[in-house]
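Using the sequences and the hints given, assemble the complete structure.
Protein chains: 2
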Amino acid sequence: MLSNRLRHKALFNKIVTSKEAASWIQNGMTIGFSGFTSSGDPKQLPIAIAERAHKEGKPFKINVYTGASVSPHIDSVLAEYMNLRLPFQSNDTLRKEINQGHIRYIDQHLSETGDALNTHAIPQVDIAVVEALAITEDGNIIPTTSCGNTHNYIKNAKEVIVELNLAQPLSLEGVHDIYDIPAFGRRQAIPLTSVDQRIGCTGIPVEFDRIKGIVVTNVPDTPKKLIEPDKETIIIADHLLNFLQEEVKAGRLSKKLPPLQSGVGSVANAVFYGFLRSEFSDLQLYSEVLQDSVFDLIDEGKVRFASGGALTLSEAKMNRVLQNFEKYREKIVLRPQDMSNNPEIIRRLGLITINTALEVDIYGNVNSTHVMGSKMMNGIGGSGDFTRNARISIFVTKSTAKNGCISSIVPFASHIDHTAHDTMVIITEQGVADLRGLSPRERAEEIMKNCAHPSYRNQLYDYFHEALQRGGYTPHVIEKAFSWHTRFAESGTMLEPMIKAEKPKAKMSVH
Amino acid sequence: MLSNRLRHKALFNKIVTSKEAASWIQNGMTIGFSGFTSSGDPKQLPIAIAERAHKEGKPFKINVYTGASVSPHIDSVLAEYMNLRLPFQSNDTLRKEINQGHIRYIDQHLSETGDALNTHAIPQVDIAVVEALAITEDGNIIPTTSCGNTHNYIKNAKEVIVELNLAQPLSLEGVHDIYDIPAFGRRQAIPLTSVDQRIGCTGIPVEFDRIKGIVVTNVPDTPKKLIEPDKETIIIADHLLNFLQEEVKAGRLSKKLPPLQSGVGSVANAVFYGFLRSEFSDLQLYSEVLQDSVFDLIDEGKVRFASGGALTLSEAKMNRVLQNFEKYREKIVLRPQDMSNNPEIIRRLGLITINTALEVDIYGNVNSTHVMGSKMMNGIGGSGDFTRNARISIFVTKSTAKNGCISSIVPFASHIDHTAHDTMVIITEQGVADLRGLSPRERAEEIMKNCAHPSYRNQLYDYFHEALQRGGYTPHVIEKAFSWHTRFAESGTMLEPMIKAEKPKAKMSVH
Numbered sequence: 068m069l070s071n072r073l074r075h076k077a078l079f080n081k082i083v084t085s086k087e088a089a090s091w092i093q094n095g096m097t098i099g100f101s102g103f104t105s106s107g108d109p110k111q112l113p114i115a116i117a118e119r120a121h122k123e124g125k126p127f128k129i130n131v132y133t134g135a136s137v138s139p140h141i142d143s144v145l146a147e148y149m150n151l152r153l154p155f156q157s158n159d160t161l162r163k164e165i166n167q168g169h170i171r172y173i174d175q176h177l178s179e180t181g182d183a184l185n186t187h188a189i190p191q192v193d194i195a196v197v198e199a200l201a202i203t204e205d206g207n208i209i210p211t212t213s214c215g216n217t218h219n220y221i222k223n224a225k226e227v228i229v230e231l232n233l234a235q236p237l238s239l240e241g242v243h244d245i246y247d248i249p250a251f252g253r254r255q256a257i258p259l260t261s262v263d264q265r266i267g268c269t270g271i272p273v274e275f276d277r278i279k280g281i282v283v284t285n286v287p288d289t290p291k292k293l294i295e296p297d298k299e300t301i302i303i304a305d306h307l308l309n310f311l312q313e314e315v316k317a318g319r320l321s322k323k324l325p326p327l328q329s330g331v332g333s334v335a336n337a338v339f340y341g342f343l344r345s346e347f348s349d350l351q352l353y354s355e356v357l358q359d360s361v362f363d364l365i366d367e368g369k370v371r372f373a374s375g376g377a378l379t380l381s382e383a384k385m386n387r388v389l390q391n392f393e394k395y396r397e398k399i400v401l402r403p404q405d406m407s408n409n410p411e412i413i414r415r416l417g418l419i420t421i422n423t424a425l426e427v428d429i430y431g432n433v434n435s436t437h438v439m440g441s442k443m444m445n446g447i448g449g450s451g452d453f454t455r456n457a458r459i460s461i462f463v464t465k466s467t468a469k470n471g472c473i474s475s476i477v478p479f480a481s482h483i484d485h486t487a488h489d490t491m492v493i494i495t496e497q498g499v500a501d502l503r504g505l506s507p508r509e510r511a512e513e514i515m516k517n518c519a520h521p522s523y524r525n526q527l528y529d530y531f532h533e534a535l536q537r538g539g540y541t542p543h544v545i546e547k548a549f550s551w552h553t554r555f556a557e558s559g560t561m562l563e564p565m566i567k568a569e570k571p572k573a574k575m576s577v578h
Numbered sequence: 068m069l070s071n072r073l074r075h076k077a078l079f080n081k082i083v084t085s086k087e088a089a090s091w092i093q094n095g096m097t098i099g100f101s102g103f104t105s106s107g108d109p110k111q112l113p114i115a116i117a118e119r120a121h122k123e124g125k126p127f128k129i130n131v132y133t134g135a136s137v138s139p140h141i142d143s144v145l146a147e148y149m150n151l152r153l154p155f156q157s158n159d160t161l162r163k164e165i166n167q168g169h170i171r172y173i174d175q176h177l178s179e180t181g182d183a184l185n186t187h188a189i190p191q192v193d194i195a196v197v198e199a200l201a202i203t204e205d206g207n208i209i210p211t212t213s214c215g216n217t218h219n220y221i222k223n224a225k226e227v228i229v230e231l232n233l234a235q236p237l238s239l240e241g242v243h244d245i246y247d248i249p250a251f252g253r254r255q256a257i258p259l260t261s262v263d264q265r266i267g268c269t270g271i272p273v274e275f276d277r278i279k280g281i282v283v284t285n286v287p288d289t290p291k292k293l294i295e296p297d298k299e300t301i302i303i304a305d306h307l308l309n310f311l312q313e314e315v316k317a318g319r320l321s322k323k324l325p326p327l328q329s330g331v332g333s334v335a336n337a338v339f340y341g342f343l344r345s346e347f348s349d350l351q352l353y354s355e356v357l358q359d360s361v362f363d364l365i366d367e368g369k370v371r372f373a374s375g376g377a378l379t380l381s382e383a384k385m386n387r388v389l390q391n392f393e394k395y396r397e398k399i400v401l402r403p404q405d406m407s408n409n410p411e412i413i414r415r416l417g418l419i420t421i422n423t424a425l426e427v428d429i430y431g432n433v434n435s436t437h438v439m440g441s442k443m444m445n446g447i448g449g450s451g452d453f454t455r456n457a458r459i460s461i462f463v464t465k466s467t468a469k470n471g472c473i474s475s476i477v478p479f480a481s482h483i484d485h486t487a488h489d490t491m492v493i494i495t496e497q498g499v500a501d502l503r504g505l506s507p508r509e510r511a512e513e514i515m516k517n518c519a520h521p522s523y524r525n526q527l528y529d530y531f532h533e534a535l536q537r538g539g540y541t542p543h544v545i546e547k548a549f550s551w552h553t554r555f556a557e558s559g560t561m562l563e564p565m566i567k568a569e570k571p572k573a574k575m576s577v578h
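Respectively, the protein sequence lines represent chains A and B.
Number 297 in the numbering used here belongs to position 230 of the first sequence; there are no gaps in the numbering.
Number 449 in the numbering used here belongs to position 382 of the second sequence; there are no gaps in the numbering.
Worth double-checking, as some hints may not be accurate.
For chains that are exact copies, the list does not tell them apart, and a pair is met inside one copy or across any two.
With a straight-line Cα cutoff of 30 Å, these simulated DSS-like cross-link-like pairs (lysine-lysine) come out [to be verified]:
id, residue 1, residue 2
1, Lys163, Lys125
2, Lys465, Lys547
3, Lys398, Lys76
4, Lys398, Lys163
5, Lys547, Lys469
6, Lys469, Lys369
To be clear, the hints were calculated from the coordinates, so they are not data collected in a lab.
The structure displayed is predicted, hence computed values, not measured ones.
Given below as structure tokens:
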């Protein structure tokens, strides 16, 4: 029954094997893949491309563009054949290659790939390879479980190869809202003013001529491994909920909170599960990735509407959600990432944004990406798009890592993705630092007191007090700014050799 | 002839001396002043406040909010009476106090003060003190040479004191476009889609009841000191124009450039003067401050329309422009800073933004604010609002400072205001580094090769090559990252003791 998926007879002539389609991908090409956080990415063609390249044994490197991270069948399998990769990844194989300098990686705000293409700031897409639910009679490609950059790649590409995935249920049709932001010079205001509004089409227009081939697949999305919230992430979630409750009490927020955004990962998931046991209801999400917790929140009547860019679910949840999608249809919309992460919309809707930090310095600068300043973990993803346009920008992190050998609160962040101008609230399992309306010296006090782990608190105060002696708006002891990172590299811990007993120091005036 | 300025008879009863008005300002209050880059700020009342505080000799501290930097009669005269100051300053006295920690200073994106007030993230305004051209019969305060945050302060304040400045010509009336962005939760799309569009009112509504007093003054704005472009700034301007010409040749820009924004200062002014001798015409500006050069460009028919937030002119130019304002009226609009710097509009219009860096690291992170990591110079101003939403974000700086003892290109920026995700083009008198579409290691090569001063180039390569040995996406030798700053602190120069002759090193592969 392909006819309910390929709704124009001309399309049937385009069906090819993945092997044949793979033969069209030439050395040096730029390929735009669908997919966002392992959802809705093509399953067969990337493998076929790698097999062919391996078999031919000739020089073969391509540029790989995606929505965000994608499954191992792209990022592991194709890693050795990649020249340039953007805008985000979270793959072990790829991470190694990137950190060794073998793959050029552009770590990009997820809202900006479309504009980068539009303005010819990056190589143009030769072929778009996109997973589809169906192709309509009038030439619309219906995406599957993510929107990503797919419409931008289809628009930009010379040719399009479709992976028609029969494993993705047709009940998903209609959940997408594809709004195509015009090129610079022709832009009007984007007419989206509420989370649940639809302003675009349910599919992506393409001329049949440009569809070079259709590969039929039947492979489900790579499920997300669920990491159960641990004690510390649950405490972080509680701190966050408590912070929001206090904001309501203080009259700065109404009980019906502004739309929420949350990054991907276990802390984020724990935070959203926290809402299950909170007083808050009638919640709205304007976020990137809709994880398991979102569907539980919908089931419990806590979430009224969720706008996202991808459904990224555990295996159990995926089966249940996709088989019962009618139940969720009216409460969900999936948008392309230049809409889900759009600065104009984020600032208009006034989001509360929750993202994960790797490292925070005493003044509130946040490192989201680099381990010890040099090694890329994943990438900035959407955290910048959201943070810098948020009504309240929140960063969460455990106060230590590596069994306490790394403090997440450091004198100077070894890489900066979010400057102190944009980070309003920092939360660790130790507590909440509300930085709004504070000058740098006050921010430092707030962060050290409320967020740092007790075993590092005195060390931080020592640094800060020495810095205060030197003065300045943002006092630093510049030659010691990275001494914690150097100590870790040398001794395996950021703790000073003489571990001091934690006794609160006499408070020194910061002004 | 006050009746053409105070257009309702009820207003005449409100006229008071500045001394009387000053008596209303109480210890602990938050005062919202009009004014942006020394334009349109109140002239008499700040002095009267300081005189009174001095005379009374009692504890007296107030919070001072403005649009951006303001004249010495606020920032010098009131410095000793300030508790909190935001969102920007460029005053010597104030800078010292801020760096000594005597004044709490919030260095804020200039677009965000309104939202910070709206969301109660900062103390609310007790009294707004605003310079006006006139107050209309129906209760609109007409601003003078800047819009700043004035409408937000008037809206937020319990009471308003007006300085009616007869030295500001009535011909300015009509040049303002006051659009009031609604609070979060009630926002629609901002309907501005072109530089020359008007979407608001020519004045700021206020209930007569809230006008506590009117002080009549007759004092011109503090003129901007003109710094003539030097050799290096002229070369920077030439590089920039050449870059734009190459973009046109490559088909990435049309000859009618996208709207331009430029920061304040001598380099910015030199760049704009560069346009005078360029092939470009029909230019549009969507900027903050309209400096002398803008009016010369209008005179020469190079600029079709300029949208800004303030007229900040030299003494000679101010007299000429204000006396002949009819000539410019149709080519200029002044907007509040949450509109001139609005991220929604900036990304919609697709600006080319030109801002000044203090320091740039080899990967393209930019320091705009802090000398040697700790000491505040002025503040981030609007540079973040523009850079992160630009179509092409350009930073300009001389490659060295302090007679060559400081390299503006360093291994690691000692403070980061703009992350490498957002900085697209770096220009020094040495050349242009176009970072678009490059990975960090490629960015480093481009910046070192094209922007660094020859006397520092080998030192930079040494650092980079040592970092490459360690690997990583953004390779660093973390314990040496700030060694240049430390060397400067110890020896007065960033140059290594053994100054190496400049000989190009064998190029090492970055991948």
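Checked against the structure, which of the hints given earlier come out wrong?
Of the numbered hints, 3, 4, 6 do not hold.
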